Structure formats: structure tokens, C-alpha cells
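Undergrad: With the hints as constraints, model all of the structure from the sequences given.
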Amino acid sequence: METRCAVETWAEFGCPSPGTAAKVIWSGEDVLICTGSDEVSVFNTKELKLTAVLQFLSPVCHMVLSEDKQSVYAVCESDGVYCVSLPTLHPRSPTPPADQSPGPALFKVSSNSLAARDEGVCSLIEVGGSGGTLVTVSLRDAAWWFTLYKAADHQKLTQFSLPVISVGHHVESEENAAAGLVMRPVLACVYSSDAPPLSSSSSSSTTTKLPPLSSSSSSLGVKHFLLEPLLFKLLFGVDAALINSPMILCGLPDGRLCSLPLLLPGRPGPCVRVLHSMEQPITFIGTTTGTNDGPQCLVAVGQWGRVVLVRTCEGGPEEGGKVAALTEGCVSGPVVCVCAGREGLYYSTGSDLLALDFPGVRAAAPNPEESLVVSHRERQGQGQAMVRPRESATLQSPVSLNVCRVIALAGPSHNASGIVQLVALSLRGRLQRLTLPKGTEAGGIPRLPLSQVGQRVRDLLAAIGDVCERASVLKSTIQSKNHSLRHLNQVLNVCCLLLANQNSGEQLPVSKKPIRCHVVAKWSRLLQRDSLNLTCVLDNSSPYVLERNWTFCVRVLPLSYPLPAGGENTSQTFSFPFQKLEPGGRMEVSLPLTAAGDTSFPVTVSCSLTYSLQSLLGSEELSRLLANGDPASHLGLEGGWISLPLDTLTVDWLDALQVTGTTPPHRDPNRPSISPDTVSMDVVEAFLSTRKIRGSGRGDGEGEGERMVASDRGLFSASIKVSTELLRGTLGLEPPGSAGPSQGVCGSVLGWLLSQGTGGEDWRGRGDKGGQESSVVYARCLGRHTVKLTAKEVTVGDTSVKEAVEVQVQCSSMAAVCGLHHAVLSRVQALLQGTAGTQESSMGVHGLGLRQALQRAQVLSEHLQEARIPEAIGLGMTTEQTTKKLFSVYRQLRENPLLIL
Amino acid sequence: MSFYVHYGITHSLFSATSQFDGNPSQQHRDRGDAVTREQGLTLLKWCYVESHKLLQKIQGVLAVPAHVQLELTVVYNCSLFSISQTQLTEAEHLLTHSLERALGAVGCDRPPPNPPVFWCMVLKSLGSTPSLRSCTLQLLCLHWALWLSTCRLGHIQELQEELRSLSEGLGAGEVAVEKSAVRPAVLVHPSDLKDLLLICTVIAQGAELLCKGRCSEALTVLQREPSPLAPRELLAQIHTLTGLCLSRMGRPHSAMQCYRKALETDVRCVCALHQSILVYRQLGNTQAEIQALHLLHSVLMMPPATQPAVAPPIICPASLLPGQSLSSLLSVPSPLSVLHSLAQKCVLHGSVSEGVEHYLDLLAALQSDHQLSQGFSEAPSLPRLPELYLEAGSSLLTAQRPTDCLALCDEVISTTLELLPERLLLEEPMEASVPGSPDKLGLGQDRLGVVLWSGAAYLLQAHCYSHLKDWKQAVTHYTRCINLLMKVCVKQKGCVKLELGVRTLQRLKGLALAGRGISFTHRDQKRESLRDLQLSLQAAPGCASAGLWLTEVLWRLGRRQEAAAFWEKTQSSSTAPSLEGVPLYLLDPQTGPSLDLTDLRRRVEEFINTRHS
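Line by line, the protein sequences give chains A and B.
Quick note on our numbering: the first sequence kicks off at 1 and runs consecutively.
Quick note on our numbering: the second sequence kicks off at 902 and runs consecutively.
Errors might be hidden in some of the hints.
Calculated pairs, DSS-like style, for lysine-lysine (alpha carbon to alpha carbon, straight line, at most 25 Å) [claimed, not checked]: (1) B:958 <-> B:946; (2) A:322 <-> B:946; (3) A:156 <-> B:946; (4) A:481 <-> A:580.
Derived from the structure by calculation, the hints contain no laboratory data.
Computed from a prediction, not measured in an experiment: that's the story for all the values here.
TA: Here it is in C-alpha cells:
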């Protein structure tokens, strides 16, 4: 059963703030709209425009109309209850007819209109117009307080309390709390229909009798109902009926339905009586206005769709008489807002508007077996709120009206031709008039003329199409979410793996790391230019695939760098996004380390894996995640990047050596490898570089570099002595006494030193021609200088002869010597660190050597002082001289080093 | 009265301390005294906020001995403002914190938190300095007020000595203060405050003791000589409490004197009036009781005293006496229930027409919504409304207004008609309904009540008809009543003591049967009459007129032997069952058909005599 109703949008307001229940009140020509801001708008349905805006001092969270519809009560969050008279909003002053009044009039509601200062008021109702009573309900000190005020002067009369009972938390109610929706008590006022409502001036003798109330209770307020006398008496007792007391019904968010007599003194026991417990927040209390032939009933609707009907029926066979009976039923919730029609309810679930009819006729009046009969017998025993399945059968299934996102309803109005109209406020803040199709009210199947059937079918198909589209969008959203989750899981796994390594397994050997990388520097010659390339190899031996969004980052940072003009760090970062690196796979990237001649070695290469959350989650979600702070900062998230360091390696001069052979190269290292087009340039370059060497050299070196190499003149050298024993031990060489021609310590040492550099294997392949005592290797280093590395066995000391290997570096470039010396030293240092503690041999070796070294150091220190004195006393010694002196000191420092054991 | 703040005081407060603060009260200076209560409250709140700002400024720096006096005085004023805003814990915290600061300034240790020890130490350290003594004592006064407002009478008891010596201390301090150049003004003069506290303490202690039943001790406390300058209402309360003690000690006449004194002190002391009513009732002085009820009702109906146009007091006595015991002792029933008692007393004791008027007033008051303004009383002092209607009806009948009575009963009948059950089974003893069970939908416990009210209404209507000598109608209505009552079936489980409902049912049955029997007699249906009268005596043995009428009917039937025997039996068993707790409308009808008792007596005794002779 499906019906469509015509929706006409009247006006748009801002989106209601999510925490407050929006409210619409339809009174005559005016519709009052409250969306939770500090404004209440008045919309005129005749002129179809906003006529007035009431501006309150603080956000309005609830509003009700007075019974005589002459004033509106608004509950403001921080103040209390305001009362604004509606006629003042329509100054019926003669408005000039031509005046197309530009906009709504703005009324600022001042604190003079404050009716009751009570910050905790949740809900209120006014009974009896301006001479009547104002009843507010507030939650305070674990009790619901019902406070009565005089409506005329807002004088506090009295108050009653009802203790709050704690309710088990519904999942849904938690959702509600998350959405910030505050459930408010629902209030209604019930009169016995044989009693006149409280007249505005209470002394009935002075006023004329009110006109008899017809079934169209139009003179009653929105929340005021007449109830047939019998049901009234059954529910509220004889006393209330005798003095025609209006009863205030209150549906509390804990599900209790309470009644409070407005005029009942002296009755023993608490004034506030609990009639029934719905066990879910009550959103609506009302009556079905009832037609002539059916019993009238009181209706309460719970937020999760429970509907309770209270009506009279025959008592049981034992006692007879009339009893009040409860019928419980269920509709699919949540019930966001309800308004009562003639024979049923209209309610919105947020996604649809539905019409629920009550079988108002006798046929459906429950007989005692079927429904819950409340007699004093059942009080003694089990609780009464048992719902039998059959009872839900008494509720018809609701009819969808196909209007979604309605959050507030008002109405209905029935016009003469039987058309029913409702006013609704949508979630987006649209004020809409809903004209219901005829026949909805009757609950029957709407009959369509044949001519419209085709149109209907098209409509339906279109609707199906829409739904399908929405469904597919939703599906794809879900898929992408799943995808993201999968990815995130992977990321987390990888993170855990690497972070665990970082935290605990700092000492884990490289080979055991699940994701590791190593770096090799290689020379390549391209377009006649030699360039040093760094090749990084990433081994993924973890069980996870490194997919897209992962990036392999290599940061190259010179360990020491010249201070250029800017003086800034000259690090470079290279990043290589992964496509897909399966477990066990490896990725090899190479990056230009430097063009030959750029000598900022050694460099530190730090490798890391980074992951970009942004490309996975999108910037919006990411910013939300980052705003949360805590978890993100734990992961080291900065700007949406997870960065996991892998390894930090050093590439030094040794690594950058190009071994040329064991004999000195016959020609200049920068000999033109003749290629016609580059000849001239190379020649110039060669020339320049030789000049440079001479300049930085001793200064008196003449002739060609070749000669200098051959004659050992004009070369810088540095040497390191390492005890043979140590080398043997750590490099795994055979002891000297073992059979067979040993490889030779010297060769092995050189091999070891060059093994990590380029061309090491090359050199080894040519065999060791250096003999037993010494090995020589020539290589080209950065800056294309030829370097001679010599390793020879020497003996140290006089008394305790010690075998040692001296590694000597010789080169015409000072920088190269320094760099290589540093590199060799750091290798040896690393070697020593690796074997610290195991080598305990001959600790007391040559005290002599030490002494000598000390003496030399002293001499050197003196030299150094000497060199600095002239400068210090301001003698005009040339910088050249100073430099020279310092240089010689440096050289001596390099020579004859101590033996490394 | 000195407890009411006149704005001059706040002005002087701020002008005295304006060296710390730009003088913010200037704008309020010229408004004069014509402030309404509302404005006064706003101003008080404003003063509260400003004084706290001032204190914050003062306490923002380290305490220096030279400024301790000023600071403590500002604390005194501030705490008073806090108390006036019912920020009691804040005031107390302020007090102890500031005293600790002051102690620190003069170089003493931090005292223990236990109030008596704390104060002993404070008085020892600060009280020795003459300039500080008075302001320390001021704060002691304040702490006293806080103890009183939070019902910590124990502390007051423990520090009795110190508090007693307050008066000299405060007086001595005055001189020292006069000498100092800057004299910080105080909001309420400490000696005034002390007087008020003294009397409030007496009241609180007396009430506490009285509630514990230690009347003689309470009496000693209350009979301490109060300061004659104390507010009238407090003096009246003391007198009332003294009276309560005396009446509980079995001296109603002395109690009466006290109540009179209380009323002389304060006319609005309704509680004394109420208590004197209880004493009159105890003494059986009905006329005085009725007069007092009259008076009480008229006092209660007076419009509430107009608030004085001056600002509200900073410390009002009510806030110092929050005790539950006191309010329970001094509680007064609601005006409606006073009116009801008055009406009932009048009807029962002669002045029926007056009683009827009161009843009608009561019903009118219930119908109007003016009653709301009179507030609800917690005590269930009024009977159920149908019973009230029935009482009014029966008093109307007694006042010879049967038609009005008929109308009133009609209302009860029409209201209850639809609710009557077909039959009702009661099991004795009735189970009390489970308290706190949420669902009392429907009438539940009222089902018997509905039957009884409806039956009583029929009974009254039948009485009316018989009063009008419309015997046919009378029989009809008696029959309706009896039929109704027959629907109730009581299943007794050997329980001797009958519940009130069942007793009422029996009595109602007896009266109805007797009434029908009498009506039958007048219709000359002697057999039916005899049957009904006999049944009536079975149902409710206490019905006096039934016995007499039975004798008469027997006599008329010619069964003189039986008549004589029955006569003798009724005369010998003179112990009529007590009518305690029987509602007004179930008393024997005063206006029924009269039986010439002397004639019957003469006839029966003649017969007996002749038989004997």
C-alpha cells in the first residue's frame, strides 16, 4: 500500500541543530517554527511568507502554544520559560496596502517576558489560558519536578516530584546521546469531556458558559484533549471527575506515563501517579478524536515504535463492570515526531512519513481475553506490561506516505472537501505543506483512475531507479571503505613489525631484519662523464605486500659539508613509490649520488618507508583523524605521513673508489679516453685539475702528476697500522703458520677494504701480485685523482716485536687522502667495535710506542702553538705560511700512527 | 530591624574598600531606598559578584600582617553575601581558607581541619592581637551561622564557651577598631548577627531535643532568657515550642498559656493557633475548638503579607533554621482541611446550619482553581472527595434541606454509576497492593470505595425521601442501596478485626435495612418490615433505632411477648457499640420518622408489669 502526497515547500530555514528537537506549531494562519537556534519564526500560511521572527536571548529548545492560542511559551536553554503574546506580533495597524512589506518583522524578546526562571525546564504546558496554570517539568536532583505557576503573573504555586528511575541503556539511546538529542518529557492535558475546560477567568459564576464543545475540539489547544467521562474516571479516579479537574499527562523519557491532577487537594499518597510504563522514551501522548461509533482511546507512542492504546472495555466475568484496558502494539521505529489525526496518527521515522490508523470501530474493541485487562486482581500478581502477540494484530500496518526526512509535524487540518493537510519541517530545515491523498485517512487502498495508472507505474519505476542508484552508491562506498580498512591493516602490520624492531631489536643484525636495505655506490660513465650512483636494494622478507601509497625514501646527507653561502644542510631526499612489492621481492633503485668532482663525502644514507594516509583516506577524513590527536601522534603521524626508518648507512671515500689495478696507470688518470667531441673539454679540465693539485699541494711540485706518483714526491700520504693478529682474527684469515701459500694478510686487508667499493671484485680477479709483504692497489677516487693504497706487513716496537699491517694511502690530493684515511679508520673502528672484548691479546704491548707517540704529539702540539703564535700576537705572517705550517703538522700527525691492536 | 540591609551598608562597604577597587557602587548610590524586592535581589547578586572580585584582588598577593584585619573584614562581608546567595559551602571554604592565610601571615602553623580545635587555635593565635581579635570573632560568628544553616549543632555545642564569650569580645574589639585609621565597614553588625544566631540556636536545639522526646531538656533550653530585640516571629516560635514541650509533658493548660503568648508576640504564628486547637480537642472544649478553627481558617485565608518595600534581608532567619524537625513541629494543615474540620465539628456539635455553610464553602473552593494558590499540604488531611460530598449531603439533610442533599447525592451516584462492578469479592484481610508497582491503571483499590460511596448516596437519598414522607421512593432507594451492597461478597478468613471498609459496609447494610424496615412500617407492610429490621440487627447490631422499631413492629403485629422480651434485652444491653471512625453520613439519621418513644415505653412497660403481676 503506497500513497504519495503532494509536498509543497513553503520556506527554508537553516538546518536545525542536531542536539535539539525542532518544533513546528500550526495555529490558524500561523505556523511557528523553532529549529533550535535563538529564533522562532512565524510563517503566515495565507500570505505564504515569514511575517515575524522572535529573537530570544539564548537558543530556544522547546516551545508550546497556550491553550487559548494567544501566546507562545518558549523554553530557552540558559534562562527559563519566556511567554510571548501572539497578537502583539500582528499589529493590525493599518498597513499601507502598497507596502509589500520587505521582510519579516523582528521582535527581540527581552528578559521582561521571562515567565519562569528555571534553567532546568525540560518541557511545559499551559492549561486554561491566561487565567490558568502553567506546568513545567524539570529534571533536578535525580527527580522529575512538576512545578505549577499561575499563568497570569507566573507566580510559583507548588511543585511535586517523582524520583527518576534509572533505565538500562538502550543501544539506541546511546546513539541518541551521541547525536546529542535530548529527550524531553511529553506533556498533554486531558479533560473529561462532560466537563468544561477551565475557563480563563476561573469563577464560573461571573462568566458566561462556554459554548458546548463539539467533537471538533477546535477551541482546545494543540496538546489538550477531551476524554470520554468513563475512561477519564477509570484512569484518574472518581475524585478528579467529581471536581472536573484537568489532568496533566506526562510521558517521561524513561517510559513512564504519569498523571497529575491539576485541582486535587488532600488525596493521600503522591500526587503524581504512574499509570503505565512503556519502557521506551515516550514521544507522543494524545487521543484519537474518535468517530461516533467507536470508543475513544488514549494513545501513547514510544520512540522505538511501541504504541499503547488505552480504552474502556467490559470487565471480566467475575466482576463485570467496565475496566480500562491497554492494548500494546508496535510499529517500526524510530518515531521521530507524531501528530494525531481523526482516527489515527501520522508519524515520521525520519526516513518516511507513515499514517497509522486505529480501528476506531467496535469490532476491534478488545475483548478481555485478547487484551490486557487491568483489574485489581492482576495487581497482586505478575506485572501487567506483558504483551501478547495477538495484541499487535489490533494495530493495522501503517501506510507509507513517501515523505522522508520529516523531523517535526503539525496539523492536520481537514477542509470541507476532506483533504487533509499537514505541516512538516524537514531535516534540512524546509517548511513543507503535505497534502495527503484522499483516502489515506480511511486507511483503505487508494483507488486510482485508470488514466493515472500509467503515470503511477512510471513514477514507481523512477523511484525504483533512484533507490537502485542510491544503493549502488552505497555499495561502492562500502567497498572503498573495506579496501581502506584492508590497507590500513596492512599498514598497521608493517608498522608494528618495523616499530618493534626499532624499539626492541636495535641490535638485530641486518640480515635478520624483515625489511632491510643495503646500499652500493657504483660508478657509471655516461656521456663521457663519470658519475657515482648509489644503488639501494630493498629486500622485503616480511610476510606483507608493500603496495601503493608506500614510498621508499632515501635521504642523503653529507656527514660534513662545506659551508656555502647559505650554510644550510645540503641533504637530498629521493623517494620511490612502490607499485607492489610482494613478500620476498626486492626493489632496486639507483640514485645519482654526485657528479664526479663533487667531494662532499662521506655521506649518510638514511632509508625509510613512508606511508601516505591522505591518499588512502582522503584529506577530509585525515584531517578529522589528525584532529583527534592522540592515536595519530602515537603513530608518529605528521601531516598524514607515517614514516618508518629502516636503516642508516654511510657511503665513504672507500666506497667511491674505482680500482684501476695493481700497477700504476700509465697515463694520467684523466687521460682523454679519446672521443673527438669531448677532447677539448677534457683537456681543459685536466689542465685545470692539475693546477689545482699543485696549488693545494706543496707548492713546489713541478712536472706532471705521473712523475710525482712515481717518485713519491709531492704526494700526501697517511697510514694506519693494525696488528696482524687482530686482522687475522676478525677477518678470518689463516694464521701464518698454516700450510699452503697464504693469500697474504696484506692482500686480504686491501680486499676487505675495497670489498664494499666498486671494482673490488675486479681487482681481486686479477690476482694478487703484491707478494707476501705488501700489496698495492691503484684506484681512482673522487675528483679523478689516482690513489695508491698500500698494505704491507711491518713489525713494530723494539722489545716486543709485533706484527702489524700498515695501510698507507697516497694521493696527490689532500682531500682524498684525508677522506680515505677517515674511511679506513672508520672501517677499522667498526671492526674493533664488532670484536671488542674478544681480543684481549697483549694489552701491555709497547709502552714504548705509546711513549713515542706521546712525545710526538707533544712536539706537534708545540708546532701547532708556534704556528698560531704569530697570528695571535698579530705579527704579519702571511696566511700562506700559516697554512703551510699547519699542514705539515697535520701530515706529521697522520704519519707513524699508533698500532691498532 | 537591623538584619535588613539598607543599601547604605553596602555603600559604606565599597567606599571603605575602594582603595583596592575602583568604586563601582557609584551608579547605585542615587537610586535611593525605593527599590523593589526584585531589584533588591538583583543588587544583592551584583554585590555578591563584586565583593568576590574584590576579595580575589586582595588575596592575590601574599598576606601581610598589616592587612590581615582589612582582609578578614572583606572576607566577612563576602561570606555574608555568599550565604545570602545560599552558597554555603563556598562561604565555609572562604572562611577557613582566609583564616589559614591570616594565620600564615602572623606566622602560625596550619591548624587541623576539625572545627572546634581549629577555632581554639585560631582564637589563641589571632585573638591575642587586639586589632585582630574583633575581626576574628566576626568570622567565628559567621562560622556559627554556617553551622546553624547546615544543621551541625554538635559543633555549636562543642564551642559553647567560645561562643558565649563572643559578646564581650565583640564589645572590646569595638574600641580597638574605633582607633584605627581605616575602618572597614561591616555588612551586618557582628553583635546583631550574634543575637540572631543565639536565638536561632535556641530554637534549633529545642526542636531537635523535642523531636527526640527529651522534653524537659528542651524546656530548659527554650526557657533561656531570649534577647527582647529578637524578631517577633522567632520569639513566637520559641513560645510555641515551649508550649509543645509542656503539652507533651502533660500540662495542657500551661501549654495553652505559651501558645497565647506566642500569638500575642506574632499574630501570624498560625502554628501556635493550630497547636491550641489540638489542646482544646484534647481537653474536650468543643466551642473553643470551633472558635479557634474559625480563627485559624481566617488567618490562613488572609493574603500573604506584602513583602516590605525594602530589600530582602541578607541573613534571613529561615535560612538559619533549615531543620527537618523544626518544620515538622511547626507544620500547619492546609486551609481546606481546616475548613473541613470546622464544618465537621459544627455539624457534630450543634450548629448544623453553620456547618452546612462551611461544607458548601469547601465544595465551592474545591471546584474553583483558586485552591491552587493556597498550596498543597503534604499531609493527607482531607477525606476522599465523594466522602466529602456525602458528609455535606448528610449535613444538608440534618439541616432540613433534603432537596439539596438529593442533588448532591445525585452527583456522587452519577459519577460512580458506570464504575460499579457486577460483583465484588473481597478477601479478608485484603492484601496491601505492592508499593511502587507502576501500574494502577483503573480503579484498583477504589472498587470497594465506589460501591460504598454509591450505596451511601442511595442511603442518604432514601433518608431524604423518608424525611419527605415519600415512603415509596424511600423503599426504592433503600432497596437500591441494599442491592448494591449485596454485590459485595466478603470472604473472611477468621480474622477478627474487620477492616474499615468492611465495617462501613456492614453498617451501611444495617442502616439501609433498618430504613427500609421503617419505611415498610409506614406503608403498613409489617411482615417485610419485621424481616428487614431483624436482618438489620443481624448485619449491624449497633443500630439503636432499629431495635426500637423492631419492638414497635412486633407490638403492632400483636406479638407482645416478643416485643416485651426484645425491649428488655435492648434496655439491659446498654453498651452501644462505639461509633468511632464511622463517617458522618453513616451516623443514625437525626431527621428520620420519629417514633413516639415515651408512648412505646409506656405501653411495653405496662405490658411487662401486667404480665409480671
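Undergrad: Against this structure, judge whether each hint is valid.
TA: Hint check:
1. B:958 <-> B:946: Roughly 19 Å separates the two Cα atoms, so the pair holds.
2. A:322 <-> B:946: Violated, because 58 Å separates the two Cα atoms, which is more than 25 Å.
3. A:156 <-> B:946: 21 Å, holds
4. A:481 <-> A:580: Holds, at about 21 Å.
In terms of the numbered hints stated before, the structure departs from hint 2 and from no other.
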